[in-house]
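Number of protein chains: 2
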Amino acid sequence: MLEKIDLTKKMDKDIFDRRMKELEPKLGRLQRECRERKIPVMIVFEGYGASGKGAQIAALIHALDPRGFTVYPVKNETEEEKMHPYLWRFWTKLPEQGRIALYDSSWYRRVLNDRFDGKIGEAKVEEAFDSILSFERQLTDGGMVLLKFFLDIDKKEQKKRFKKLLDSEDTAWRVSRQDLERNEDFERYQEMNEEMILRTDTDYAPWNIIEAVDRRFATLKIYVLVVEALEQALRRAGAPAEEEEPVPLHTPSDASLQESTLSKVDLTLSMDKETYKKKLKKLQARLEELHGEVYRKRIPVVLGFEGWDAGGKGGAIKRLTERMDPRGYVVNPTASPNDIERAHHYLWRFWRAMPKAGHIAIFDRTWYGRVMVERIEGFCTTREWQRAYREINEMERDLAQEGAVVLKFWMQIDKDEQARRFKARQENPDKQWKITEEDWRNREKWEQYEEAVNEMLIRTSTSYAPWVIVEGNCKYYARIKVLQTVVDALEKRLKEES
Amino acid sequence: MLEKIDLTKKMDKDIFDRRMKELEPKLGRLQRECRERKIPVMIVFEGYGASGKGAQIAALIHALDPRGFTVYPVKNETEEEKMHPYLWRFWTKLPEQGRIALYDSSWYRRVLNDRFDGKIGEAKVEEAFDSILSFERQLTDGGMVLLKFFLDIDKKEQKKRFKKLLDSEDTAWRVSRQDLERNEDFERYQEMNEEMILRTDTDYAPWNIIEAVDRRFATLKIYVLVVEALEQALRRAGAPAEEEEPVPLHTPSDASLQESTLSKVDLTLSMDKETYKKKLKKLQARLEELHGEVYRKRIPVVLGFEGWDAGGKGGAIKRLTERMDPRGYVVNPTASPNDIERAHHYLWRFWRAMPKAGHIAIFDRTWYGRVMVERIEGFCTTREWQRAYREINEMERDLAQEGAVVLKFWMQIDKDEQARRFKARQENPDKQWKITEEDWRNREKWEQYEEAVNEMLIRTSTSYAPWVIVEGNCKYYARIKVLQTVVDALEKRLKEES
Chain A
1 MLEKIDLTKK MDKDIFDRRM KELEPKLGRL QRECRERKIP VMIVFEGYGA
51 SGKGAQIAAL IHALDPRGFT VYPVKNETEE EKMHPYLWRF WTKLPEQGRI
101 ALYDSSWYRR VLNDRFDGKI GEAKVEEAFD SILSFERQLT DGGMVLLKFF
151 LDIDKKEQKK RFKKLLDSED TAWRVSRQDL ERNEDFERYQ EMNEEMILRT
201 DTDYAPWNII EAVDRRFATL KIYVLVVEAL EQALRRAGAP AEEEEPVPLH
251 TPSDASLQES TLSKVDLTLS MDKETYKKKL KKLQARLEEL HGEVYRKRIP
301 VVLGFEGWDA GGKGGAIKRL TERMDPRGYV VNPTASPNDI ERAHHYLWRF
351 WRAMPKAGHI AIFDRTWYGR VMVERIEGFC TTREWQRAYR EINEMERDLA
401 QEGAVVLKFW MQIDKDEQAR RFKARQENPD KQWKITEEDW RNREKWEQYE
451 EAVNEMLIRT STSYAPWVIV EGNCKYYARI KVLQTVVDAL EKRLKEES
Chain B
1 MLEKIDLTKK MDKDIFDRRM KELEPKLGRL QRECRERKIP VMIVFEGYGA
51 SGKGAQIAAL IHALDPRGFT VYPVKNETEE EKMHPYLWRF WTKLPEQGRI
101 ALYDSSWYRR VLNDRFDGKI GEAKVEEAFD SILSFERQLT DGGMVLLKFF
151 LDIDKKEQKK RFKKLLDSED TAWRVSRQDL ERNEDFERYQ EMNEEMILRT
201 DTDYAPWNII EAVDRRFATL KIYVLVVEAL EQALRRAGAP AEEEEPVPLH
251 TPSDASLQES TLSKVDLTLS MDKETYKKKL KKLQARLEEL HGEVYRKRIP
301 VVLGFEGWDA GGKGGAIKRL TERMDPRGYV VNPTASPNDI ERAHHYLWRF
351 WRAMPKAGHI AIFDRTWYGR VMVERIEGFC TTREWQRAYR EINEMERDLA
401 QEGAVVLKFW MQIDKDEQAR RFKARQENPD KQWKITEEDW RNREKWEQYE
451 EAVNEMLIRT STSYAPWVIV EGNCKYYARI KVLQTVVDAL EKRLKEES
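Here the protein sequences line up with chains A and B, keeping their order.
Residue numbers for the first sequence follow this note's numbering, so the first one is 1 and each next one is one higher.
Residue numbers for the second sequence follow this note's numbering, so the first one is 1 and each next one is one higher.
Read the hints as simulated data drawn from the structure, not as lab findings.
Bear in mind that the values here come from a model prediction, so they are computed numbers and not experimental data.
Worth double-checking, as some hints may not be accurate.
Same chains, same label: a pair holds when it works inside one copy or across any pair of copies.
Calculated cross-link-like contacts (lysine to aspartate or glutamate; reagent style DMTMM-like; alpha-carbon spacing at most 20 Å) [what the hints assert, rightly or not]: (1) 124 x 195; (2) 279 x 339; (3) 82 x 402; (4) 38 x 384.
Full structure from sequences and hints, please.
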């Protein structure tokens, strides 16, 4: 999930200034209206050390009436706090109706810092997650507007920022030994952050991930999300009977702030035929061996393929299975659901097809149809596809908990390449069946799909079931990447087993 | 929780026959309507061995069209099932839209039998709870009607039934070695069942506890609950915009099936003055010692007092604290919330007053006002008090997880005794202040309160924060029971610590 976030985003200063000129007075107005409507608001800032939580809070309160908010810096517990239940310090710091409270780090400290530093054991971590979920649910059920921001920077950027802080005597104190340890062991810490986000990203209190390398970008995104959340709360307060709108994650309505993972994919990557043939042979032979081992060790394997029409799913699956023992794998092509399938939960048909221990199930198109075609074509409601991210993550977690290797491939090509392939298919009598009117219609919705895919990739790429984006303009390159990824994942898994 | 269930309930045969004559055809009609409306229904039967799950399923399907339902007996996993993720066997057994599936024990097997038998470790139990919660939420979000029944009998009754089964060759095979072990170690197994119910008693899939000693009573209650659930589902299907009604736990609208814990309390229990004085002196001295130990061991203690007006809360608290070091305890009297309190979450003021480690906090009236006076006087909405049971259990769980001793006392008197005490207060100039118009008004709502208190006692008595019902007609008896209970709980806790 976090590794899919595009941290190269930048915000032009002129645009930033212009937008902030509108947003600041607007936020001030909304604060006053919330006060009148007696709506309490909590804004939580979490994120990596030196990601700029303090600076972002400063930027945000700039627009606020100081009589109406409080900022709580959350540090180590005091002696008094240590002698109370963990959440007591936060219960006693709730904003009353009409006020805004901002938290510079928060109750999540226990499942991040304390966990990383080994201050609390895993049993206590489990308890803390339960307590946090109850806490946030109780508050939001009680009418609290709860906004959670996660400020994201990468290891290198963090190191750079720490170095800069350490270089000056005035700021060196801000970098602790633990900060440096977390930078050193960034991957492990990132995994904890990711687990935290996945487990506490609820309908009632979703996480908003803020790309925080560029400060202006981060500030603007936070402003837009706070403004939208307060507007929504005020609308709801005005019309309580109305169906509640779930607050979407990472997608401010503002297009300039939206995700762009796909647009960063390097589609010039390629491979010549010679190299391809050599590698293919080697990888297929290796996969054949691994398949046997996986069977003996009773490891179930789930491989999902999604991608643009003509993105190369079929070709990749063919190369993948070419030399595998057919008794040990199944390819499940996913078409529109039939009547029986439609009469069940949308995940039912996929659950039925899940491999047993030692077997490999390959899905040509998958359960992700829910958040792509069903979302875009309106085959399900907004609430349905919005909650599908969680449901899919839960299903894949269940698989992984039982020991399955779960990989998902997104076969990426650009629009021009797709046009070339469509035409080639039409001109080739053997391949004409592969291209239909529907393919051309889908193509017209490219931008809508791109937005949906970006959101899908971020929200459902997990440590236990990652998305692998396959640069697909060159088919040779793409097929080898798929094979190599599967081989690596199986080797890694078998190594863990032994 | 389970220990508060009244298992002495009986259903007269004539009443039963008359009621079933109405209910059976009604259920048949509802089944047909659900089929037309394409509503899928799952009915889960859990409960102790020999509690009559099979017999109850047989009774229920008697009214159903056999073409529209399937019964799944859930036994040990097959080899095929073992090779799939745990929930796979249930995903593949979902009813399609319009059909009913009945489960004779279910996915809860893993957190009950398998857990008790030590087949899976505690980490897997945690995973199973997560998976179960996701599973039920996904299904109900998808439109499934999910009914969960827990058939409750006690250790003695179970033993009797096992014996009867074992006495005949034809039925002896139905009692397994594990069944007998669970009877032997009933308390431990009951705790697991209670934990299961508390952790999976959700808004979307609440548990219904069925007092199953009397078969007729159980059958009727199950019928009524199924009928009400299907009627609700059909109403909702007819009016999707309508606010969803949460399904209440254990409270079929039918009065004859409701809870009656309070009516079983033996109010003739009493104690003479002589004995009282002796015991009081001894217990107060012991409590003084324990208070010191608790302080040194840094154990927080939370004691809540609720009860009828003039039920003796004040007198009991006075005797409890008389010889305790005042630096180590606080008595928090709970009145109507003031303006600041009203501007916060209803639990906020109680969180603030929670004791720090080593201290004792006594509450004269408590957070349970939410599910008593606020419920009855309409100071909060139905949804609010209904979800308060969960919220309160969560708060007390948080306290207990941090090591607190949590006890709640319900001071029970009967209506005549209250009248006597009210009059005595009015006639005594020193006590006139204790009695107001409001007390007389509340008295008129005795029956409503009784219903609310019964529901509260069952839904919020937990192993980590039990309710203690104090037979209060005799003040001497009541005060000693309170003191003795506190002394016992502290001694038990201190023993665990050392």
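For the identical chains here, do residue 82 and residue 402 meet the 20 Å Cα criterion within one copy, between copies, both, or neither? Intra 38 Å, inter 10 Å, cutoff 20 Å: inter-copy only.
When Cα atoms must be at most 20 Å apart, do residue 38 and residue 384 count as within-copy, between-copy, both, or neither? Result: close only across copies, 18 Å inter versus 31 Å intra.
Same-copy or cross-copy closeness of residue 279 to residue 339 [CA-CA at most 20 Å]: neither (43 Å within a copy, 74 Å between copies)
Up to 20 Å between alpha-carbons, please classify residue 124 paired with residue 195: within, between, both or neither. Both: 15 Å inside a chain and 18 Å across chains, each within 20 Å.
Checked against the numbered hints given earlier, the structure breaks only hint 2 and satisfies all the rest.
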